[in-house]
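Participant: Sequence:
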Amino acid sequence: MPNSTLHPLASLPNLGPRTAWFLDEIGVATEADLRRLGAVDAYRRLKFQFGRQISLNALYALAGAIENRDWRSFNEEEKAQLRAKVEG
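In terms of full-length UniProt numbering, the sequence shown has 42 at position 42, counting the first letter as 1, and numbering is strictly consecutive.
What the hints contain is simulated information worked out from the structure, not anything from laboratory work. Just so it is clear, the structure is predicted and the values come from calculations on it, not from any experiment. Just so you know, even glycine gets a beta-carbon here, dropped at the ideal spot from N, CA and C. Take the hints with a grain of salt, since some may be wrong.
Label pairs and their calculated CB-CB ranges [as the list claims (entries may be wrong)]:
hint, residue 1, residue 2, range
1, Glu76, Ala32, 16 to 24 Å
2, Arg35, Asn57, 18 to 26 Å
3, Arg52, Pro17, 15 to 23 Å
4, Leu6, Gln81, 28 to 36 Å
5, Leu6, Gly88, 33 to 41 Å
In silico lysine to aspartate or glutamate, DMTMM-like type, Cα no more than 20 Å apart, as pairs [claimed, not checked]:
hint, residue 1, residue 2
6, Lys85, Glu67
7, Lys47, Glu25
8, Lys79, Glu67
9, Lys47, Asp24
10, Lys47, Asp33
11, Lys79, Glu25
12, Lys79, Asp41
13, Lys47, Glu87
Taking the hints into account, I'd like the entire structure generated from these sequences.
Facilitator: Rendered as structure tokens:
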């Protein structure tokens, strides 16, 4: 994995260098790319590309990055809504 510490996505809440690298690998290189794609579709692509390396926490982290909030602040109802969107 390349050194992604300066990757622009790594500066968003919840997204570190590893997640930024994963996103870059699926064609999401900027915050605008992530916002355009949305958390659910970005998560689906990550899950398809990287399988078990991507957990549901990634879904919450992506949604939090877009909303500028900590992923741990999502309550169970919000998490369930995100999961339903992924499954739907």
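Participant: Does each hint fit the structure? Answer for all of them.
Facilitator: Going through the hints against the structure:
1. Glu76 to Ala32: 16 to 24 Å: violated (30 Å)
2. Arg35 to Asn57: 18 to 26 Å: With Cβ atoms ~20 Å apart, the hint holds.
3. Arg52 to Pro17: 15 to 23 Å: Once the Cβ atoms are compared, 20 Å apart, the range 15 to 23 Å for Pro17 and Arg52 holds.
4. Leu6 to Gln81: 28 to 36 Å: holds (34 Å)
5. Leu6 to Gly88: 33 to 41 Å: Holds: the Cβ-Cβ distance is about 36 Å, inside 33 to 41 Å.
6. Lys85 to Glu67: Roughly 17 Å between the alpha carbons, so the hint for Lys85 and Glu67 holds.
7. Lys47 to Glu25: Answer holds: Lys47 to Glu25 is near 12 Å, not above 20 Å.
8. Lys79 to Glu67: holds (14 Å)
9. Lys47 to Asp24: Roughly 14 Å separates the two Cα atoms, so the pair holds.
10. Lys47 to Asp33: holds (17 Å)
11. Lys79 to Glu25: Measuring from Cα to Cα gives roughly 25 Å; hence the hint is violated.
12. Lys79 to Asp41: holds (15 Å)
13. Lys47 to Glu87: With Cα atoms ~12 Å apart, Lys47 and Glu87 stay inside 20 Å; holds.
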